[in-house]
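Student: Given next are the chains, with one letter for each unit.
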Amino acid sequence: MPIVLALVLLVALGTVLARSEPRLNGTNSVPLRTPVVGLRSGEQLCQPQQLMTAGSGRVRLFLAPEQPGTTPKTLVTVRHERDGVIARAPGRYDDEGRIDAPIDPPVRRTRVDAEVCVRNQGDGPVALSGLLTPYGNVMLNGKKLEISLTVLWFPKDDTSGLAQTAAVIPRVGHARIGGGWAFWFAALAALAAMGIALTAAIREARR
Amino acid sequence: MRAVWLCALVGFLNAAAWAVWTPPLQSPDEPVHVYYVQYLAETGKVPRPGPVKTKSEEEQVVEAGVHRTDIVGNFYGRPLWTPPEAQALRERLDSGLNPVGSGGDAGVGSYPPVYYAALVVPYKVVSALGGDPLDRLTAMRLGSALFAGLTVLFVTIFLRELLPRHRWAWVAGGLVCGLLPYFAFIAGSVNPDAGVAAAAAALFYFVARAFRTGLTPGVAAGLGLAAAAAALTKLSGIGLVPAAALAAVLLVLRPAPLERAAALRGMAIAAACAAVPVIVYLALGATVWDRPLLPSSGGVGPPGAKVELRPGQRSAQGYLTFVWQYGLPRLGFMFDWFRGWAPYDLWLSSWTGRFGWGDSGFKRWVVACAGVFVVVLLVAGGGALWSRRDRLRARLPEVLVYAALAGGLLLLLSWVGYGYRTTNGSTFEQGRYLFPLMALWGALVAVGLAGFGRRFGPVAAVTCVLLAVALDFGGLLIMMGRYYS
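Chains as they are written, first to last, in the numbering used here: chain B, 352 to 558; chain F, 218 to 702.
Calculated directly from the structure, the hints in this document are not laboratory data. The C-beta atom is built at its ideal place from N, Cα and C for all residues, glycine as well. There could be a bad hint or two in this list.
What the hints assert, rightly or not - Cβ-to-Cβ under 10 Å is the rule here; a few derived chain B residues that face chain F:
hint	residue
1	THR378
2	VAL381
3	THR421
4	ALA518
5	LEU539
6	ALA540
7	ALA541
8	THR550
9	ALA552
10	ARG557
Said to hold, decoys possible - Which bits of chain B does chain F cover? Going by a derived footprint, with three or more residues having C-beta under 8 Å, they are:
hint	stretch
11	352 to 358
12	436 to 448
13	460 to 472
Claimed, not checked - Below, a sample of chain F positions facing chain B; criterion: calculated Cβ distance under 7 Å:
hint	residue
14	ALA233
15	TRP238
16	ALA281
17	HIS284
18	PRO301
19	VAL686
All chains should be built: construct the whole structure from the sequences, respecting the hints.
Tutor: Right under this line is the structure:
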């Protein structure tokens, strides 16, 4: 029975790790709370000082048309003071209130001070979502607004869980401003714990 | 004995893995516990009730720098992922920030110091080696992981006392405790629940040992010290002390295999070992630290403004219905204190695996499977106990003490939880508050496995450990998805 169970668990693990899906490449960690700003037709707003991660092939914001049933038309621009315009593309809207704009070619270098702008190219107003905060720095019509927009970055293509491991390894280190040892230490410790436990249980069962 | 050490090693390694895997300060209340250790390490003093503003400048910079509040409860929040972000925080931390907090309450102003004092050692060692605040946090977490190893060690030898002839069962019981992802997650962060779990596991062991050997001087000293350690590690540990006293009294009334005089001497040793550390703590509190023994408001933060309660909800009847719902289904006439059924939706759900600040965990179907697993163990264990009821009857005083240990803890928790619920309007209880009962969780597993008999039991034990490995691995994958993917 344990062998069958082990095989089932391994197959389940393999299935989970092989599944390809969109995975975050970066985020400004702004909670998606509520629509925070309306954008009239022809208006553009910009959010500076954004984290833009290397390898990103798509940027996502959250937006909804103020008149239900219409499809917003937007132009998303990503730029950086030194790198210039990195991407300028129409935002692809989906029914879940998201706009995705492609970045082609993908971002080469991580920047912590990129600027993301959205222009409303449709006929009706739209509302962008994020957080109301006094630390916000969104600029609209020359005015600074006390809001932050949720901005997410994704790789160009969906990735499998296994492929994602390569991205995870350095992140575990960066999270504690340390080196890549962190991931390997944690992985070895966990695998050792599990290996010792299974070996001990099997040995006791055979006694 | 080798198997016991292996179980303890599994507990430590697993908690150590979680300690490094969990992003900084992404564990319940970790910032205030870090504040306590840092204040104690830097000043030699403990925080005391008073102004709420507390943390050191250094810790505040760390908290903001690692995006703690941006991540908690925010599905799109992530820790530092990139070298430029990490470098920016490093430069900020290198700018000579003050590591001394203000010594105010922060919700831990009345907490006893044993656990925090133990973590001063890794804090100081890493400071001396030139580590930054995040290195110190990792070191403190690894120090805390040692408590996980200690807990599993005591749980395993407790189970060995319970089931000496079912080696595979007590080993599996210890291993399952060591692999519990929720326990590893909490014990792998800075949190006194790890410390009180170790002290309580030791207490369970010494109670079991005392009922085998009588109150010999060594066992009596262990019993007393474990009771004192529980009370001086976390306030909830006080709930275990009456049962420890009950054990000593019962062992004097039925002193075999010792003479009554020897048992009385043992009780005196146990009382002295329990009392001396507490008296020293009280004396320090009254003279050096100038702080009260107990918090005025349960030590759980400031009360909320207004809580709407139904008539009679704040009453003796209200409290009784509250306690009832800790373990039993709500009856029609009772107030609705908890969301869902507490044993399942509160206790089992979190013990199966709840991570971060409670904002990630296993899906409902996994909790349901864990529920089935518990029921199977209960049935198998219940059957085994029923078939050996004559022997169990002879051990009723011992069983009574285990029940009293659990009951004392639950009564104390319910008293604080009821006060919190009727004052703040929110639920106080969290699964980790039951870590002092880890020995009983291990007993459920071991006795349940023993119930499968000598033919099927060993296979069931391997299956059980394999499931525990899968749960632990699943927990690590959840953490990977939540914070790093």
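Student: Would you settle whether the hint for VAL381 of chain B is holds or violated, based on the nearest Cβ-Cβ distance to chain F being less than 10 Å?
Tutor: Because about 7 Å separates VAL381 of chain B from the closest Cβ in chain F, which is inside the 10 Å limit, the hint holds.
Student: Mind checking the CB of TRP238 of chain F against every CB in chain B and telling me if the closest is under 7 Å?
Tutor: Nearest chain B Cβ about 4 Å off; hint holds.
Student: Taking a Cβ-Cβ distance under 8 Å as contact, does the stretch 460 to 472 of chain B have three or more residues in contact with chain F?
Tutor: holds (count 3)
Student: For the restraint on ALA540 of chain B, tell me whether the closest CB of chain F is nearer than 10 Å.
Tutor: Check passed: Cβ of ALA540 of chain B comes within 4 Å of chain F, closer than 10 Å.
Student: So, ALA281 of chain F near chain B? Judge it on the closest CB pair being under 7 Å.
Tutor: 11 Å, violated
Student: Can the hint on ARG557 of chain B be confirmed by a CB-to-CB distance to chain F that is less than 10 Å?
Tutor: Holds, about 8 Å.
Student: Using the nearest Cβ pair, does HIS284 of chain F come within less than 7 Å of chain B?
Tutor: Hint holds; HIS284 of chain F Cβ to chain B Cβ min 5 Å, cut 7 Å.
Student: How about THR421 of chain B: closest beta carbon in chain F under 10 Å, or not?
Tutor: 26 Å, violated
Student: Against chain F, does the stretch 436 to 448 of chain B show at least 3 residues with beta-carbon separation below 8 Å?
Tutor: The restraint on the stretch 436 to 448 of chain B is violated, since only 0 of its residues have a Cβ under 8 Å from chain F and three are required.
Student: Grab the minimum C-beta distance from ALA552 of chain B to chain F and call the hint holds if it beats 10 Å, violated otherwise.
Tutor: Since chain F brings a Cβ to about 4 Å from ALA552 of chain B, closer than 10 Å, the hint holds.
Student: Quick one, is the ALA518 of chain B hint okay against chain F at 10 Å, beta carbons?
Tutor: Hint holds; ALA518 of chain B Cβ to chain F Cβ min 7 Å, cut 10 Å.
Student: Less than 10 Å between beta-carbons is the criterion; does ALA541 of chain B satisfy it with respect to chain F?
Tutor: 4 Å, holds
Consistency note: the structure conflicts with the earlier hints numbered 3, 12, 16.
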